[in-house]
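Take a look at the letters that make up each chain.
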Amino acid sequence: MNFELTEEQNLIRDMVREFAEAEVAPTAALRDEEERFDRALMFDRLAELGLTGIVFPEEYGGAGADYLSYAIAVEELSRVCASTGVTLSAHLSLCANPIYLFGSEEQKRQFLVPLAQGEKLGAFGLTEPSAGSDAGGTKTTAVKDGNEWILNGTKIFITNAGDAETYVVLARTDKEALKHYGISAFIVEKGTPGFSFGKKEKKMGIRSSPTMELVFENCRIPRGQMLGEEGQGFKIAMKTLDGGRIGIASQALGIAQGALEAAVNYAKDRKQFDTPIARFQGVQFQLADMATQIEAARLLVYSSAYKAGNGLSYSQASAMAKLMASETAMRVSTQAVQILGGYGYTREFPVERMMRDAKITEIYEGTSEVQRLVIGTALTR
Amino acid sequence: MKILVCIKQVPDMESKFKIAGDGKWYDSADLVFRMNEYDEYAVEQAVRLKEQVGSADVTVLSIGGDRVKETMKKALAMGCDRGVHIADNQAWAKDPMVIAGIIAEYAGPESFSCIFTGMQSQDRGSAQTGVLLAEMLGLPCVTTIVDFSYSDGRFTVKRELEGGIKALVNVQGPAVFTCQLGLNTPRYPTLPNIMKAKKKELQSLPVEHLQKIALHQKTERLFFPEKKSGGLVLEGDAADLADRLITILKQKTAVLA
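Protein chains in written order, with my numbering: chain A, 1 to 381; chain B, 1001 to 1257.
Hints are computed from structural coordinates only; laboratory data are not their basis. Quick reminder that beta carbons are idealized off the backbone N, C-alpha and C, glycines included.
Calculated pairs, EDC-like style, for lysine to aspartate or glutamate (alpha carbon to alpha carbon, straight line, at most 20 Å):
id, chain 1, residue 1, chain 2, residue 2
1, B, K1069, A, E7
2, B, K1196, A, D14
3, B, K1199, A, E7
4, B, K1218, B, D1027
5, B, K1199, A, E8
6, B, K1200, A, E58
7, B, K1198, A, E4
8, B, K1198, A, E59
9, B, K1198, A, D14
Residues of chain B placed beyond 10 Å of chain A at every Cβ, according to the derived structure:
id, residue
10, M1097
11, L1161
12, K1200
Bound-form chain B, shown alone (with noise of 0.2 Å):
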């Protein structure tokens, strides 16, 4: 069975984040980077699915610079058997639809059994780059998932939906799955591990063969939220207050049109 995890290395969010010069992204100088905390249950639940199965193989996928392959060590000494690093620097200010593309033109061939990524990426949080990979793939693809397992060539997994209410979601393999926070309990990375993950495999890529789509989104400035004025507090009889809020909804929000 061939397994596939898709991972992305993001800034430690307690980092003290710096818009860049261009204005466009922050600023990645001085920033401690990690495995984004979506992707290392999507990565656990890989390495599961192929110690259930025994005769699996685990391939982990990165695009970036060589600053990922940091982050793709510790997939493998979690357990993944090899590594794909697609070497982008500018995988940054790439949309999800480009990125999927890059991905896809690269699984296509492989034909994996089982696709994982996180659900969205702490930076971006666009939660599109699963969902796209699978349209692009022609698979089915289950987002959000809290629970997994696997028989038979067939998935039973559970999706969070609102309001704590699960959806129990049967689906035949070959197919795409978008991990969700609580998934599973990512293992530590044990040091005999630590010491394997060197003599793994971790081929480079050049982004260039693989990105066939062009860039759908722009982004044109990225800014902190301005700080805002104290909050209003209204007094006097309901009826009136009722008048006074909906004037300030229609008026000073886009809450009511």
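With the rest of the complex left out, here is chain A (with noise of 0.2 Å):
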């Protein structure tokens, strides 16, 4: 086994880390206080950058790079603005990888390149108001009418919803087979008759993510927008959130190492009774286990990108890295703003808004409840 980062993987740390110190962070407290997305700069930056298709071949307009280059950026990102992260994580796991891994030729040549080149930005709408963990409960539907599929329905808690373009939907073609099988995954353009937005989310976390309700009213769309064949819609799911788990495992990581990292600082510069508290064993233990959880959450992610990167099965890795990496996030997150006592408390300090933010990490793209369930029935299988 190769502990080590190659040449590649170092300099698009770097590079990602100089970007986001430089670009990103400025701006992180102001945009989650105005619940503000800049997609100038959250979006069009990283597509500058070449960071919107990372994972996917040159041929689609992609980087070529490796799920681990994928993970240390989206780390990185969220090291300073968990927002930005996710805004990267849900375009390019959620939406551009089930094109990529689900679509025609035609497909991917139409919506992929866009998506991997970052012109336009994606969203994935799964989620319902009664179908959350459930998500064979699927209400939204899809009626064939010669050739166009007409969609009805809701979706809510959509991150990137109302700016994306692109949205990969699940709905429900056949009513009468039994719960997951009847649905099918669709390929739905901002701007199509019948494709509205609802209201906007206010959220206690990453509120510079806009998170929206899709709402389809007889939305005609072309029968060469269903991805995949009829009733794999499930499955494709399935699939697409193993890979998005990954990206949210590394939102998670970046959270716990920005907690971790304002907290040292904080430590050694804060002094009490003489002495900077750093010096004191109870701070130093805590800052310890924080560091040591981080580290194993760390391996478990940059494994889980590593199996996913190279053909290997990877369901179990990666629900393990984002229940690792979502409690230790919530953790270290909560911890650092002990740390910081009273100031930690105040906005004037980061990590009130990284305890906020970590929240989300343990409860979407699969509750740790979800995970666990994973975890558990493939080992007493």
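Dock chain to chain to rebuild the complex, using the hints, since each chain is given by itself in its own frame.
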């Protein structure tokens, strides 16, 4: 086993870190306060740097880099701004990737290339008011009418919604079939008549990332925009989430790392009882535990990225990575607020934002409970 | 057009430095290394010149152990076409005369139209290598450039002087330029360019064939500045203070003879 990053991976880390610190970090707190998505910064700049299609082959407009490079890029962005990290992760893993895995050549040319090149932003519409962890409970319908599909229904909690141009949407095509067998995947573009956006969610964290409802009212899309086979939708969604898990695990890792660094730097400066609090064993023990847990989570994330990129089975690995990284991010960021004390509770310091941001990583793209189901089922098969 | 840019790998200046065991240089263990900041501007300017001219080739050169190749990769990812690594684990001990001599030995036969270096390195700070290189190659040299343009074989540059004044210099190529901070905005190596850098030629040449000049300087000792005691506050009337101050300056410092 080689535990060292390659020269390219190191260069990518350095580049994204430099960019994140110089351009993303300065406005992270303000964008969180204003609940403002800045597409020029949080997506267009990523496109200029070649990050929006990192893992896809050059023939589809991607950079042809590996999965670990993608994990590193999301981690470095999330270290300063979790909202920017999830913008990239949802775009690449949840929208571009299923098109890459299940799309026809024609669909890849038409939809994947602009996504990979960052001309278009992507989103993924699976969740509904009564279909969260129970994704098979999808109620949005797609009915065939000649050469078109007619979509009706509502999706909620959709990341990048409103700004994204391309949406991979799951809808029920067969009402008679058992639960998850009758679901199919579709590619829908913003501006299609009958496709509109509902309310924008007011969230606890990742407030700079837009989360909105998708509303389909007799929305007609060409037959050629079904993704994969009819009835294959649930399988597509699950495979998509397997990969998305790695993106969110990387986001959580980045949040945890940012929180740890903020806590260490503060502890070295803050004096109480004439001593920097970093000299107190109590604080040192806390920081040591935080750093150790982050390192353990990092190894899980990197190894699942390695498996995903090398054609190995990675469903269980990515579930473990997401579970570990998200719970670590929550613990570490909460502890960081504690270490910064009263100051940590104010918006003058970034740790309260990191704590608010961390919570969602335990919930979306498969709750921690679902991750435990995935792992437990695989163990006890 | 053949362009050469010479870069040096230095430690991150935010690092906690320790003196090496023999007391003659800093300990390189546990340090994070990066491209000398002045050299980033040199690389950026070299790539911009290539983009302006179109049919141009940029060679990036660096002297040091294997570790410096990481930094050379960044230069390749920023747009240099090929790398020449001069393999030398003792580069850190060599003075600018020797370093310039090694580069001159390589560059002489290559007939570069334009050579860029950083104005100085962040660790040694001699600010001599570019100038010495130009001398050895018999080329004109303009140091500390903060502005650069090229047209039809002639370079027009601004060099930074004291007090915010700049000198406008017009020079016929081939020439050597040493780059000051702020000359341009160094680009991020984009991801596709990082991937392309993998395939670019990076040859390693042993230093033995290129080093013809013996060491001119030897570093005797490297140490942290000794902590001085606090300042001295003088009180009294102006005439008396002036006398006392002159005495102190004469006796305690090298300011007055």
